[in-house]
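Going down the list, the protein sequences come from chains A and B. Here the first sequence stands for residues 2 to 390, numbered as in this note's numbering. Here the second sequence stands for residues 2 to 390, numbered as in this note's numbering.
No wet-lab data here; the hints were simulated from the structure. Treat the hints loosely; a few may be bogus.
Because identical chains cannot be distinguished in the list, a pair is counted as satisfied if it fits within a single copy or across any two copies.
35 Å max Cα-Cα, derived DSBU-like pairs, lysine-lysine [as the list claims (entries may be wrong)]: (1) 14 - 378; (2) 86 - 319; (3) 86 - 286; (4) 76 - 286; (5) 14 - 86; (6) 286 - 378; (7) 340 - 286; (8) 14 - 300; (9) 300 - 76.
What follows is each chain in one-letter form.
Protein chains: 2
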Amino acid sequence: MHNQTNEHTLRRKRVQQTIITLQADACIITSPVNQYWLCGFIFDGYLLLYPEGEGLLFVRRPAGITAERAIGIRKPEQIPSLLRKAGLSIPQRLLLEADQLTYSSTTRLQAAMEMPELRNISGELRRLRAVKSAYELDQIRESAQIHREVYELIPTLYRTGMTDLELQIEIEREMRLHGSLGIFRSFGEHMDIFMGSMLAGDNAQAASPFDYALGGSGISPLLPLGANGTKLLPGMTLMVDMAGNYRPWMDDMSRTFAIEEVHETAREAHQLSIDIVRAIEQSCKAGTPCADLYLLAEKMVAERGMQSYFMGTTQQAKFLGHGVGLEINEPPVLTSRSKEILEADMAIAVEPKFVLPGIGAVGIENTYIVHDYGMEKITLCEEEMIVLS
Amino acid sequence: MHNQTNEHTLRRKRVQQTIITLQADACIITSPVNQYWLCGFIFDGYLLLYPEGEGLLFVRRPAGITAERAIGIRKPEQIPSLLRKAGLSIPQRLLLEADQLTYSSTTRLQAAMEMPELRNISGELRRLRAVKSAYELDQIRESAQIHREVYELIPTLYRTGMTDLELQIEIEREMRLHGSLGIFRSFGEHMDIFMGSMLAGDNAQAASPFDYALGGSGISPLLPLGANGTKLLPGMTLMVDMAGNYRPWMDDMSRTFAIEEVHETAREAHQLSIDIVRAIEQSCKAGTPCADLYLLAEKMVAERGMQSYFMGTTQQAKFLGHGVGLEINEPPVLTSRSKEILEADMAIAVEPKFVLPGIGAVGIENTYIVHDYGMEKITLCEEEMIVLS
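If we strip away everything but chain A, and leave its shape as in the complex, we get:
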């Protein structure tokens, strides 16, 4: 059985090295995702890490937490006196997750901690998390395997006359029966989503306020993304990009289905997507600049004159993919201006997609593990367009 404690210790030491590099006195972890990464569980409270030692947990909830080093508190204002009692220093330069913690919570914590100088550790934590352990990579592989099993059921779930939403609901049920956690963790303030995205026909052209590869108008102005109740009609394509959240560490995979029949234009654009991922598989490995992946795709798209349909029409995402892990959008990001370099043990999703007016979205998305020798594809699911009938 895998030694989780050792995982947590190694992760904590990487964060502590960052505290030292940033010349800070301590950091406080408050986000569920980073609490889980560093402790293995989520709590309402504060993980305080000094550059050395195991750190302290100040816990508001749950009551009666049994973790080592956990101290029950009602409010953050209690922390300094508890530290003094334990003979520990009050940090003067404090790292916080400023990209996740609200302004109100941050200023309250700053006052409670006797007004230390604050710096942001959110980006550094995301960069640390981008390079995975062997255990984490196995989690992503396992998720991808179940993801494949669920996608392979899609032809059996389809019935003539269904809407995109009706089919999505049956896929959601299979996802849950296969262990999907339901909630879909993302990073950032414009990443609302339910269990994924299904885009049929011209709904794939609808621009969304959210920061995903494609849009869709959704079924309510409260969640303008994805399926909108489009009836699945012959000749349409259906882009399925449902969550791979079968493990805490997630994979990401999209596949395209054609309703009853395949347009020649759709087939060609879909083949271009496959050609792009093949080219990336053959040319990329640890050390490849992330921008190169985007530029390679852009060049292949331009050679076939498909720029107007690449990653959308009315709104085009200028990116080709992203890291995956505990959150669906981790570093690195694959854009033309990315300064990041692929590193061994990163997990990245590559998603060259096209939106064809009058037809729908086509293309595939695969998740890869980056190695020194090349790219390991882990979403081992049929890539050709599958006809639903």
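Given the coordinates of chain A, work out where chain B should sit on it, guided by the hints.
This is chain B only, laid out in the frame that chain A set:
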């Protein structure tokens, strides 16, 4: 057809009155929920409201937004020069949603806006939203009606030998087929949830880090809440508290089911919950202090010696209910220390629940609209415990 534009105008004027009362120059709305409330749609950007006029929308995404008064921007740093060009003043005292906006986004926006003095308008907006319009109340009534239709299907979805999670998955599917948006909007940093909560047997005793009435350990440490795969066995109770998100404005309703047979203890505690809501229905109306609702329940619980089981065992929530609306946890909050007063056109959920070791959670939750003459119950669904067999 309902005049949505007029709704938005009236809501905006209430916010503008708050800007004046707080002696601020302007406010900027960034949260999806308040953008939806004030504009009817969500965007990635900023709604800037002065004390007078219709306000301005600075929109990053979606591309090509067609709303009036919308100005496309790439970044907040463009806002001051755009305001100067339009002959408008740069606010010196700015209200922001500091309980929702991250520290990073807030400090970036503050710098972009030339370092105005910042104040928090999150709480005031929540207080404004707590008193609903006739249209909003009708939305909640409609949601409650569909919520009832879905709950009435539960006996037909149950099969002997199911787990709590297997039953929940079938309920989730019916929810989606009945129009549930899926995502479940809540306020605050410790409110992770999927589509609701189902608690069977002793899983109802599991303490959670999240700020809901009851806990449950969930199926993963990444979401320690609700169903955990407990097999539904004779004599257990099952508390169903799934989302009422069939409209943007939501209701909240819990019902208890007994597996095969009903323990006498469970019947008595469940009846006490019903007695408490009856007493509240008869004694409360606009003008009643919110603390009185909690104290009335607490007194009835003490008279029957049920304090050890009220709102949990290992971790007890010291509250009886909460407002509902665009978010599932709106003001007022029904606690012994609440300073709030029930106002006409508030919508509140009242949820006296008991957790019985060896049996499970029992009790009900109803949503009420507060009137001058009393309380209107809108969750018109059988309240007695229903036996699943």
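How the hints compare with the structure:
1. 14 - 378: Answer is within: at 30 Å inside a copy they meet the 35 Å cutoff, but 55 Å across does not.
2. 86 - 319: between (53 Å within a copy, 30 Å between copies)
3. 86 - 286: neither (51 Å within a copy, 49 Å between copies)
4. 76 - 286: between (48 Å within a copy, 34 Å between copies)
5. 14 - 86: within (25 Å within a copy, 52 Å between copies)
6. 286 - 378: within (12 Å within a copy, 62 Å between copies)
7. 340 - 286: within (16 Å within a copy, 61 Å between copies)
8. 14 - 300: This pair counts as neither: shortest intra-copy Cα distance 42 Å, inter-copy 52 Å.
9. 300 - 76: between (55 Å within a copy, 28 Å between copies)
Going through the hint list in order, the structure does not satisfy hints 3 and 8.
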